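Let the hints inform the model, and build the full structure from the sequences given.
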Amino acid sequence: MIHELKPLEPLLQQKNNIQLHPEIIEILFENRRYIKNIFSDLNGLYDIAHIGLTCIDPSNECIVFSTTPNVEYNLISQNLWEYDHCFYPDPVEKNTLLWWDDGLEKIAKIKLENNQFTLGMSIVRPVDDFCFIYSFATKETYQDFRRYYSDHLFHLIDIGDYFYKSIRSLYATYNTNYPLPTLSQFNSKEAGRNIRSCLRLVKNINKIR
Amino acid sequence: MEREHFVREFARRLTSLMQQANLGSSKSKAGVKTSGLAEISGCSHQMARRYVLGEALPDIDVIYRIAKWLNVSPGWLLFGKEGDVPNNIGQKNLIQIEHDLLEYILMKSVVLFNITKNTPELISYMMDIIHDATHIEADPKEILKIIDMSINSVMRFHGINDDSRIKTA
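So the sequence lines, in the order shown, correspond to chains C and V. Following this note's numbering, the numbering of the first sequence begins with 143 at its first residue and continues without gaps. Following this note's numbering, the numbering of the second sequence begins with 273 at its first residue and continues without gaps.
These are computed hints drawn from the structure, not numbers from a lab. Only a predicted model underlies this, so the values are computations on that prediction, with no experimental measurement involved. We put the CB at the ideal spot given by N, CA and C, even for glycine. Just so you know, nobody snuck in bad clues.
Straight line, CA to CA, 30 Å or less: simulated DSS-like cross-link-like pairs of lysine-lysine: (1) V:Lys413 x C:Lys248; (2) C:Lys307 x V:Lys389; (3) C:Lys251 x V:Lys413; (4) V:Lys305 x C:Lys248; (5) V:Lys417 x C:Lys251; (6) V:Lys389 x V:Lys417; (7) V:Lys340 x C:Lys251; (8) V:Lys305 x C:Lys251; (9) C:Lys281 x V:Lys417; (10) C:Lys281 x C:Lys251; (11) V:Lys340 x C:Lys248; (12) C:Lys281 x V:Lys305; (13) V:Lys340 x C:Lys281; (14) V:Lys340 x V:Lys305; (15) C:Lys281 x C:Lys307; (16) V:Lys413 x V:Lys380.
Quick look at which bits of chain C chain V covers, simulated, 3 or more residues with Cβ under 8 Å: (17) 168-180; (18) 211-223.
Pasting the structure below:
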């Protein structure tokens, strides 16, 4: 069964209720090598130097996996996470790139400057009652790299979907209350358009369909 | 007269650092852009201009902020000798870490060399840990805990890249 992507309104209504998992810091660092290992399969694609995945379950409990966990740690420890795209879905259309330097200057410093990233972006991906936020950053510099990444939006979503699929079993060990969405529930990235995926993993899903 | 010389030498060091930080400007009299300096210093553009022209000396707390901004010690910015620019200037990837903290990371990481032959990847991972340890804003005890968790994450069950695939195959 194919599930349509849900609009963000329900999440926005619950915005103030998002809670961090009580062991979110431990989860970040205990699994960082595993996350890095997965990232090694993606490293270099579109010059991405960082990937992060925020998982918000139907009870609004939030867990984050990241290849650069100092970012999330500093945001959490300084209570800046509530103002950040990577933790809170923004009132925007689905599948839109949210630029890291559009937020608070202090957050941009923690995320970009501290890690020598030249550009960072996040994508909100609601699936059923879950919400996933894919985050990417690069250290490269292009003349018009916002447009470059905007042009590759769906490829970035594919990468995020692949990343989610890769850590789904790990996420399941921390979230036993809800059945986690499978990749088959991550259907089209834009309603009404048949976007051919760039990763083999998603191609296989298309074959199954 | 002595104070004037002191203020001029401060300005000379300040402008030299700003030019090395790509803040030079051919249009301004002092040869540097003062907008960033004014912002960091919390002062007007006119006052920032006086700093770089050697007409005024910032308060000590402002000197600290400027020194941090330009990645030099406040002492050098105030008293360094003309032309004696620290050798770390211009090196974007400079790492500043306390001796004891680096020693702790290295000691804890020794065990990892026994579980992988992928030394380049392991070194890269250790560099990640060092980077985090120097950028996480937390008390020393918390940072040590994070270092421990990061190193344990290798030993926990995943290893380094190929090791993990061998183990989980």
